[in-house]
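Kindly produce the complete structure, drawing on both the sequences and the hints.
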Amino acid sequence: MSATNPSPLDAAQVAHLANLARIALTPEEIEKLTGELGVIIESIAKVSEVATPDVPATSHPIRLANVFRADVPGETLTVEQALSGAPERDGDRFKVSAILGEEQ
Amino acid sequence: MSELISLTAAELSEKLSSREVSSVEVTQAHLDRIAEVDGDVHAFLHVSATALKVAAEVDGARNLGARLSPLAGVPVAIKDVLCTRDMPSTAGSRILEGWIPPYDATVVQRLRAAKLVPLGKTNMDEFAMGSSTEHSAFGPTRNPWDLERIPGGSGGGSAAAVAAFETPLALGSDTGGSIRQPAAVTGTVGMKPTYGGVSRYGAIALASSLDQVGPVSRTVLDAALLHDVVGGHDPHDSTSLDRDWPCFADAARAGKASGSLTGVRVGVVRELGGEGFQSGVSSRYAEALDLMAAAGADIVEVSAPSFTYAIAAYYLILPAEASSNLAKFDSVRFGLRVNPPGGGTVEDVMAATREAGFGPEVKRRIILGTYALSAGYYDAYYGSAQKVRTLIQRDFDSAFAKADVLVSPAAPTTAFKLGEKLEDPLAMYLNDVATIPANLAGVPGMGLPMGLAPEDGLPTGIQIMAPAFEDARIYTVGATLEALLEESWGRSLLSHSPRFPLDPLPEIGDARTEGTRK
Numbered sequence: 001m002s003a004t005n006p007s008p009l010d011a012a013q014v015a016h017l018a019n020l021a022r023i024a025l026t027p028e029e030i031e032k033l034t035g036e037l038g039v040i041i042e043s044i045a046k047v048s049e050v051a052t053p054d055v056p057a058t059s060h061p062i063r064l065a066n067v068f069r070a071d072v073p074g075e076t077l078t079v080e081q082a083l084s085g086a087p088e089r090d091g092d093r094f095k096v097s098a099i100l101g102e103e104q
Numbered sequence: 105m106s107e108l109i110s111l112t113a114a115e116l117s118e119k120l121s122s123r124e125v126s127s128v129e130v131t132q133a134h135l136d137r138i139a140e141v142d143g144d145v146h147a148f149l150h151v152s153a154t155a156l157k158v159a160a161e162v163d164g165a166r167n168l169g170a171r172l173s174p175l176a177g178v179p180v181a182i183k184d185v186l187c188t189r190d191m192p193s194t195a196g197s198r199i200l201e202g203w204i205p206p207y208d209a210t211v212v213q214r215l216r217a218a219k220l221v222p223l224g225k226t227n228m229d230e231f232a233m234g235s236s237t238e239h240s241a242f243g244p245t246r247n248p249w250d251l252e253r254i255p256g257g258s259g260g261g262s263a264a265a266v267a268a269f270e271t272p273l274a275l276g277s278d279t280g281g282s283i284r285q286p287a288a289v290t291g292t293v294g295m296k297p298t299y300g301g302v303s304r305y306g307a308i309a310l311a312s313s314l315d316q317v318g319p320v321s322r323t324v325l326d327a328a329l330l331h332d333v334v335g336g337h338d339p340h341d342s343t344s345l346d347r348d349w350p351c352f353a354d355a356a357r358a359g360k361a362s363g364s365l366t367g368v369r370v371g372v373v374r375e376l377g378g379e380g381f382q383s384g385v386s387s388r389y390a391e392a393l394d395l396m397a398a399a400g401a402d403i404v405e406v407s408a409p410s411f412t413y414a415i416a417a418y419y420l421i422l423p424a425e426a427s428s429n430l431a432k433f434d435s436v437r438f439g440l441r442v443n444p445p446g447g448g449t450v451e452d453v454m455a456a457t458r459e460a461g462f463g464p465e466v467k468r469r470i471i472l473g474t475y476a477l478s479a480g481y482y483d484a485y486y487g488s489a490q491k492v493r494t495l496i497q498r499d500f501d502s503a504f505a506k507a508d509v510l511v512s513p514a515a516p517t518t519a520f521k522l523g524e525k526l527e528d529p530l531a532m533y534l535n536d537v538a539t540i541p542a543n544l545a546g547v548p549g550m551g552l553p554m555g556l557a558p559e560d561g562l563p564t565g566i567q568i569m570a571p572a573f574e575d576a577r578i579y580t581v582g583a584t585l586e587a588l589l590e591e592s593w594g595r596s597l598l599s600h601s602p603r604f605p606l607d608p609l610p611e612i613g614d615a616r617t618e619g620t621r622k
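Listed in order, the protein sequences are those of chains R and H.
The opening residue of the first sequence carries number 1 in our numbering; numbering runs sequentially from there.
The opening residue of the second sequence carries number 105 in our numbering; numbering runs sequentially from there.
Any given hint might turn out to be false.
[To be verified] Just so you have them, the derived chain R footprint on chain H, three or more residues with Cβ under 8 Å: (1) 291 to 304; (2) 329 to 343; (3) 413 to 422; (4) 446 to 452; (5) 480 to 488; (6) 543 to 552; (7) 561 to 572.
Think of the hints as simulated: they come from the structure by calculation, not from any bench.
From a predicted model like this one, the values you see are computed outputs, not experimental measurements.
Note that the Cβ used here is the ideal one computed from N, Cα and C, for glycine as well.
Written out as structure tokens, the structure is:
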């Protein structure tokens with residue numbers, strides 16, 4: 001990355017993206033990632049060179065059709081199985097801390 | 105014992121069905137081998153405590169005259185990205201450390217139904233993000249050919265386990281090359297089936313439009329035998345293809361028996377070679393092409409100009425899909441929970457958990473994917489990458505109009521040193537330059553050994569690709585090429601490995617084995 005070419009990302013943007021992705025990055029991580037992601041984004045931005053308006057987008061490599069099944073009960077996890085890996089539980093429910101903060 | 109671990113799965117199958125050996129003996133030999141070498145290789149994250157019990161049950165059923173599948177009693181290792189209800193399933197991540205899923209992946213169910221013996225779970229780059237297995241939260245796997253070098257990735261554990269004769273078979277997963285590139289750098293065989301050919305139910309998702317589960321082995325026939333067990337339609341996976349597949353083992357046996365490639369049009373992809381490929385990789389590749397031509401193949405050059413944009417498109421599509429798939433690791437239903445000092449809302453707990461539980465490469469790709477999907481950037485990045493995907497499919501279509509199979513080196517270099525590329529993400533990403541196009545187009549591809557690079561004596565691999573649904577063609581051509589190469593070497597590539605379990609074989613003066621490690 002040349003000095004005259006501004007990075008496509010700055011630290012404030014990386015901090016914002018980390019917040020959206022729910023990862024509590026440290027300031028050191030944000031600084032390191034800002035540089036690394038800048039290099040990566042510069043490299044991958046070349047996709048726009050060939051992605052002209054006449055080219056349709058492809059989301060899946062093999063043509064897929066919607067999948068349906070009969071509306072009958074199948075084999076499912078028991079409550080105990082579903083809760084077996086829970087970090088914290090309250091009876092038959094997953095337990096989490098408050099959804100809303102005090103100021104909300 | 106050393107003789108049992110040096111056998112292929114097909115050979116073990118014969119000895120087991122004739123009751124020349126028991127599954128308990130075979131399983132014990134492999135467990136002993138793991139105890140002997142895995143302290144150095146570190147291919148396994150977990151070794152099953154019940155393998156001998158399972159083996160004894162298979163032996164009991166056989167002694168009672170039960171009709172068993174060909175691979176019954178043969179050991180298999182399972183990449184840690186696949187859910188197993190009796191063993192931890194971490195995907196190489198701290199955030200899932202110790203997690204035991206309440207259900208088996210469909211492919212694991214099928215292994216159990218066919219009475220294979222699961223030996224344990226193999227190491228991998230965290231959530232399959234990497235090309236060296238150095239991004240595992242539990243330490244790297246080492247290449248059995250040289251313990252200072254990487255075994256490839258993300259499935260370095262599965263590839264190293266078969267290369268070190270700790271297991272004859274393993275399962276892997278391939279999103280951009282994670283089965284084929286490790287095969288290339290460890291001198292083993294790995295197959296990425298057609299997208300949808302093998303169920304992904306219970307495979308911890310990385311990028312859902314790219315991921316495929318597939319077999320890892322030391323021979324083409326063994327990969328085919330395992331593919332026959334795990335492949336086919338699964339109603340639990342909505343992307344699973346509902347179609348009949350031929351017997352891949354029969355396809356491999358036919359290829360091995362024929363010894364001829366007469367009438368097979370082999371397309372050499374111009375863009376997957378030359379600059380950026382190590383000289384010893386290029387020279388072994390040229391020799392493999394000569395060998396195929398001598399066996400009657402019609403070698404044609406094909407051009408796929410859009411492949412030069414494949415890595416760029418991949419590193420937009422993969423992070424975008426991964427950032428969505430990894431949102432499930434939210435500290436609520438399973439896995440790690442880290443409470444920040446002084447408590448906080450559930451969002452604060454999620455952010456603290458994901459900060460502590462994810463490694464640097466996972467964070468890098470989640471942030472990159474979040475960026476690529478942001479309003480204002482979506483069309484320029486993710487939208488453009490999806491268009492490149494169309495162009496790559498078109499390139500495959502026109503190449504397969506001229507050729508029955510396409511070939512390239514499976515990896516641009518031999519195994520590099522641990523740590524060499526860890527701090528340079530872009531350099532690491534280039535390791536998958538040859539394998540990514542097949543994932544973007546959904547076509548099947550195999551990596552198999554093509555000799556040792558003269559300059560460093562390390563394995564190189566060739567990739568064979570076929571049109572979607574034509575996996576059997578790869579097994580046939582692959583088995584023929586494997587037989588031709590082994591005939592030219594006089595022995596298997598892995599018999600050159602410093603970890604070959606039998607007595608050292610005499611050096612032979614063939615040009616293809618020059619540079620063999622002394």
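These are the hints, each one checked on the structure:
Counting residues of the segment 291 to 304 of chain H whose CB lies closer than 8 Å to any CB of chain R gives 3, which reaches the minimum of 3, so the coverage claim holds. Coverage of the segment 329 to 343 of chain H by chain R holds [criterion: at least 3 residues with CB-CB distance below 8 Å; count 3]. With 6 residues having a beta carbon nearer than 8 Å to a beta carbon of chain R, the segment 413 to 422 of chain H meets the requirement of three or more and the stated coverage holds. Figure legend: the segment 446 to 452 of chain H, annotated as covered by chain R; annotation consistent (6 residues with Cβ-Cβ distances under 8 Å, at least 3 required).
For the segment 480 to 488 of chain H, the proposed coverage by chain R is satisfied: 4 residues have a C-beta within less than 8 Å of a C-beta in that chain, meeting the threshold of three. Coverage of the segment 543 to 552 of chain H by chain R holds [criterion: at least 3 residues with CB-CB distance below 8 Å; count 5]. For the segment 561 to 572 of chain H, the assignment as covered by chain R is violated, since 1 residues bring a beta-carbon within under 8 Å of that chain's beta-carbons and 3 are needed.
The structure does not agree with numbered hint 7 stated previously, though it agrees with all others.
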